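Chemist: Quick mapping for you: the protein sequence lines, in order, are chains A and B.
According to my numbering, the stretch in the first sequence is residues 1 to 595, in order.
According to my numbering, the stretch in the second sequence is residues 1 to 293, in order.
In short, the hints are calculated from the structure, not lab data.
Fair warning: there could be bad hints in the mix.
[Claimed, not checked] Derived lysine to aspartate or glutamate pairs resembling DMTMM-like cross-links, with alpha carbons at most 25 Å apart:
1. B/K115 <-> A/D239
2. B/K139 <-> B/E52
3. B/K139 <-> B/D60
4. B/K115 <-> A/D233
5. B/K115 <-> B/E52
6. B/K115 <-> B/D60
7. B/K115 <-> A/E273
8. B/K139 <-> B/E6
[To be verified] Partner residues are not named here, just some residues of chain A that face chain B (Cβ under 8 Å, in silico):
9. V102
10. T106
11. V244
12. G283
13. L284
Remember, predicted model here, so these are calculated numbers, not experimental data.
A virtual CB, placed ideally from N, CA and C, is assigned to each residue, including glycine.
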Amino acid sequence: MKGVTGLRRAAIALGGLALVAYPLVRLDDAYGQSVLIFAFLLAVMAGGWNIMAGFTGYVSIGQSAFLGIGAYTVALLSLRTGLSPLLLAPVGGVAAALVAAVLGATVMRAREHAFVIITIALLFLFQTLALNLEGITGGSNGLTLPLPTWDRDIQNLPFYYAMLALLALSVLLSWWIRRTKFGMGLIAIREDEDKAAAIGVRTPAYKVLSFVASAVLIGVAGGVYAYFLTFIDPRGMFDILASVQLVLAALVGGRGTIWGPVLGAFAVVPLNEVTNNLAAAEGLHLFAFGLALGAVVMFLPHGLIPTVQAWWERRHERQVPWERRRPATTVERAATAAEPGRALLEVDGLAKRFGGVAAVDVCSFAVREGGLTGLIGPNGSGKTTTFNLVTGMVRCDSGSIRFDGRRVDRMLPWERAHLGLGRTFQVTRLFPRMTVLENLVAPLRRFSWPNLAADAVGGPEAQRAEELLDLVGLLPLAAHPAGQLSFGQQKLAELAQVLMLEPRLVLLDEPAGGVNPGMIQRIAELILELNRRGITFLIVEHNMPMVLELCDPILVMARGRVIAEGPPGAIQRDPVVLDAYLGEGWGTTSAPVEV
Amino acid sequence: MTHATETLILGLLAGGVYALLASGLTLIFGVMGIINVAQGALLVLAGLLTFELWRRLGLDPIAAAVVTTPLMFAVGWAIYRLFVARIRTAPVSMGVLLMFALAITIEGAMGLVWKNVFRSVTPGYFSQSFHLGALFFPKAQVFGCLAAAVVLAGLWLLLTRTWAGRAIRAASQNPQGSALVGVDIRGVAALTFAIGVATTGAGGSILSVLYTLFPASHYLWISRLLGIVVLGGMGSLPGAVTGALILGVAEAFTATYVSTRWATVVFYVVILAILLVRPQGLMGSRLRGDVVT
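Only chain B is shown next, with the shape it has when bound in the complex (with noise of 0.2 Å):
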């Protein structure tokens, strides 16, 4: 039973990384209707860049987010206005493919700049545990989880109390009735794009601490990731929260009863199963397709 409890709080635990890591993928889609598959591999960069940031300079990993999140909002800027803003008139399926280059692309510079090495960063608390009772926790994955559930909370008041966040919600349910009440609508497509990477640079800092990295790991971020967004319903924050904490859990019973190595399968068959049996996910809406627009 001990076990059982424990396990279950290390998914939820997990679950609440996830949920800040699935965040960005969420809007990005949900705004701008781009399935950014290149989010695992700006992820696993946000995360080497820390490995750097607390090997060379000594900053604490999950504390160095204050200097990869703003960082990863550049690159995420950058990215749009030098690719995804030249296609948006193309299909749907060209902006996918675009963005799997990009995601090949930072792998391969990943590669030449880091090498194909697995990478940790390990901080004094790295090994060490919080007891309560016969319960064993991690501190890094305590205090990473804590860091995300503040990052979130802090991603959720930007979208419903301010302006900019207003108009990012008002696009993505209808972008030209946002154009004609006045919001503009490529700027709000370029800061939902470098708001949604910037969620990389935190996440990718706490990553850090918690998983070991190297360059060709984001292909298994993005399948968590792809994993989350659809069980919640994508385009839907609320969503991708529930779903980082069920899938938390799940890999993490997954991992301790069956074995690690079909942890992640939990991820892939979670996808085809939610996409065949209700692709709007649980918290997202059905709306009606049949308006032309």
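The following block holds chain A by itself, in its conformation from the complex (with noise of 0.2 Å):
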């Protein structure tokens, strides 16, 4: 593995130094400088595209909206100030990111489909008041800029080098945000956006972020790429053609990777020229690429870097030492669960309906802290809901949720997550593409500006990270993807993210469901180590054994409500909880329940 960095390193260096050296070896070819201007170009915009698509998940096929933005804000500025269109430049980007900023802020609550309609809309908006905002832009004639001052023999030295320090740029930011918290946020939005919020991450504020990094540079790009044409008119600056090439550039090389864009940029400018020398007919160009496009989205859907990883990793694989053992119980039995104490969590009259259906009815309850309270009740009862109003995935339509005194009722999910409100999962909901450890220290405790910029594994958050999968006892299956666990390990880890996040209150949905005997028996031991800890915790559970001897007190949900709270034992023999389980005349019997 080191001999294949060692050798990436070197073939990166070997064509960087090759690009800076072209143009000063062949100094009279200008027109391999203009082809290798435009792949810098194309690199730059589809790496932009990749930090919105590959890591955030978001598709645009709008992108190349801000690279008109930029020129135009470059060629505009330029044209009244006199000043240099290359200095200017950077306020391209500056006009790009406010956009961008804008616009993220507006499509927060849009989702996959909706954000892809609203990214062609962008583009064709933009296009149309290029071309009729005629008093400003010059509408359909275009905008001219002044010829470049300097000696004709070295025209497009200048041009040359400042695209390709911007896709150094470009390449070192998306590298940057692919090692830091903030990227992680990114990559688990990307791979499950509530689960993300549940876990502290502040989306919205990750999605406005991701979308200005995507777009600035590109403005940039758009104002040095003005000058170099020297013309620019809105069919093409916002030009439909540009957001094929980019995304096919980016989907080639790899969505989602830091070289993948570059890699694929070069991949396809040879395709660009020869279509565009081929024929004058403009309908080839698009046919070609047309076609590029849906072959690689059928049949190289990840990309060249991602494919050829894969089949490095079949081909070297590696065993992971595994032991079968217990989870690590380090602290002695001596410290007994505390009394449960003060009302932790309270839920006053809660009610959601869908539609016609009330799925949680006027429901009340408390938690008890140090405790560990148990969540029973038939299918259907609201158990699942309820614990979705509290954490807020699900917004409540009446009644108050207060916890620790605070009402968070109205708050959003990543904000009761910072109080210290965890919860799992029926269904697990890993990030399955992200590592076991990488999964572990995605939750976030608080959200602050300068964190974003810390490094995403590492410092104390990792090491304790693998404390807690030590006591999991996942540690030798840290660096797995967590896709690959079976579904009791996913159990676990989810478990142990929850705890990165310093709960004072853990919601487990079902922690027993769908795992075998022997992991049920850890799972519970491990749930009761954490109780003596001082994590509070409310489970639903329909392994009633495991209740019965787990939890105290047993509340009984049916019917959106919660209709019995007590004691196991008496739980066990309240007519009223027979008769929800097991139908109405049940309850004369008195029998226990066995479930």
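Relying on the hints, combine the two individually framed chains into one complex.
Modeler: Below, the structure written as structure tokens:
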């Protein structure tokens, strides 16, 4: 593996050197230089798109709009002020970033489908504005920029090196994002946005920032490119074909990788040159790019770099030393469970309707601090919806939720997570393509701007994550993609993930559901152990022996409300509970529930 | 006042045609969750085919729908079998990119065959109008709207009165549930996609008399259709009809009282505004998204 890294570094250094030297060696090759300038531009645009689509998972097909915004901003400013467009290019980046921020802030509610549609609308809206606002933009006649002032012998060189520098910046930006907490949050959003919010990722801020990051360098490049062309018009600058080419480049190279967009851009440019020179008919150009994009989507959806990586890893599979062992129980049993104290979670009159179905119907209960509270009830009684309401994944219609005395029912999911409210899911929702360790360091205790730039995996957090993995017995699998774990292992990993929030209350949704009996025992021991360490639990579970052994008190839900509450023994004999589970008429026999 | 009345009725007539054009897009989205961004390109393709039928065989463009509709049905079926069916398990975004690639390919192919030239179909009634008091209505516009209404009514009957239609509606609401009760989901998906694309046959034929056609005009059409579908509620057929009528009128008024050049901006603004304020549109239902499937 080390050899591969060295080889890759050497190749990158060599390639970079060749690109720096090229125009000096072939000073007269204006054609070659302009082809390379276009390749750099495409790589910058593909790199930008990759931040939004590859990292965050939001596909845009109007990304070339930012090129036009940068180009028009710089051209207009240059014509008004007389300053060189090269000096003004960063302003183009600022303009693109501003538009991206505004748009990002407004499309925060939009998910996949809506986002794609909005990006198309954005591109054509800007094109139409550039066409129609003739007084400012010159309409379809376009704008002509002043000719470069420098010696004609080196005509292309400033453009060449400016664009190459932007390419370098773009790669650096992607690389930096990928290794920070910010990038980790973006990947988490791509993998499962609701889950990301549940573990404390303030998703809208992340999405807006990633939109800005994906636009800024394209805006700068737009300014440089406008000067290089010396003429811009709405159709050329807000061109959907540019969007096709940049998407194609990023997909071919590998969406979500750092070098993929660059590799892809250099693969796409030859196709551009060939079809451009072959025929005057514009049709062929489009036809070729449409076919190429379709072929890549169908036959190489992951792109070159991930495909080659996967092939390499298959050839060099490493066995993980795996020992079956019980979770570490380091704390002595002497520390008995604290006496259940005051109410940590108070739910009062909670209600949620879905159309005509009252999933939760005036539900009230309290969870005492330090306790292990069980929540049982027949299927459809509203247990999971209650969890969703408490954690904020679904908003309640009425009623109140207090956590540690504070009203939380109007708070957003990550705000509740920051207060120390964690949950696991009935069907585990780990981020499947992240490693187990990455899954553990993804949760965030708070939102702070400096923290976005912190290393994704490192520091005391990584150490704590490893301790927790050791506690649940998964440390040997830390470097494995979470999607490869067994279901039971995923349950343990998700529990460890929630613990990273240093939660005060953890809601467990069927921790034993679908798990083998041996694993159930381990999970039960783990819950007891964590409870001893001071974490309060509210557990939804259908495995009655486990609930009766573990939990006290037990809450019973039916038809959207809590109908009974008490210690296990009383609940087992409560006629109301028997009615709820077994139907009317069973209560009279008063036999203990055996499920 | 007469002017305004005329604008209103012209807007409604255009909206009637838009309703047919948008029906295929909303149907495909409702059943399959795919935004067929190639719908605009297919529409222009059907229009250009109508142009050839009219020029070479002298066929009436609106009557040409009888030929283009089954033809586009076959095209839709082929697109589904060859491309869409193969990426059914891929993420949603890949489906959009595939349809986007298809749109670009069709645009390129149309450019190669028909060149980037404006084409219009001009049958005898092209420049004639109906007179109603002081009001004038172009015959083509009236015939076009009537034809669109007939095809839409046929589509509505197909969806509500036949087993195939019931299967399509069932699949659009719960694919897994439908599969469990014996609906052949893949067959239904292919059928839906083919029917959705078939609407571009009749739609394109009607379009050819009303608008000039050129390959790149499909961007304008897909923008219009997306605006309509987003406004009406994605996946809802009554929503698409309502959205089409509203936007047809809004476009007509903008064109008359502001400028034709700003008329298309109405659609972009509607897309942005609706997706921000009421993402489910006018008639789309907001379903609970918390159920694990």
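Chemist: Are the hints correct? Go through all of them and say.
Modeler: Consistency of the hints with the structure:
1. B/K115 <-> A/D239: Holds - the C-alpha atoms of A/D239 and B/K115 are around 19 Å apart, at most 25 Å.
2. B/K139 <-> B/E52: holds (22 Å)
3. B/K139 <-> B/D60: holds (14 Å)
4. B/K115 <-> A/D233: holds (22 Å)
5. B/K115 <-> B/E52: OK: B/K115 and B/E52 at ~14 Å, within 25 Å.
6. B/K115 <-> B/D60: holds (23 Å)
7. B/K115 <-> A/E273: holds (21 Å)
8. B/K139 <-> B/E6: holds (14 Å)
9. V102: violated (11 Å)
10. T106: Because about 5 Å separates A/T106 from the closest Cβ in chain B, which is inside the 8 Å limit, the hint holds.
11. V244: holds (6 Å)
12. G283: holds (3 Å)
13. L284: holds (6 Å)
When held up to the earlier numbered hints, the structure conflicts with hint 9 and nothing else.
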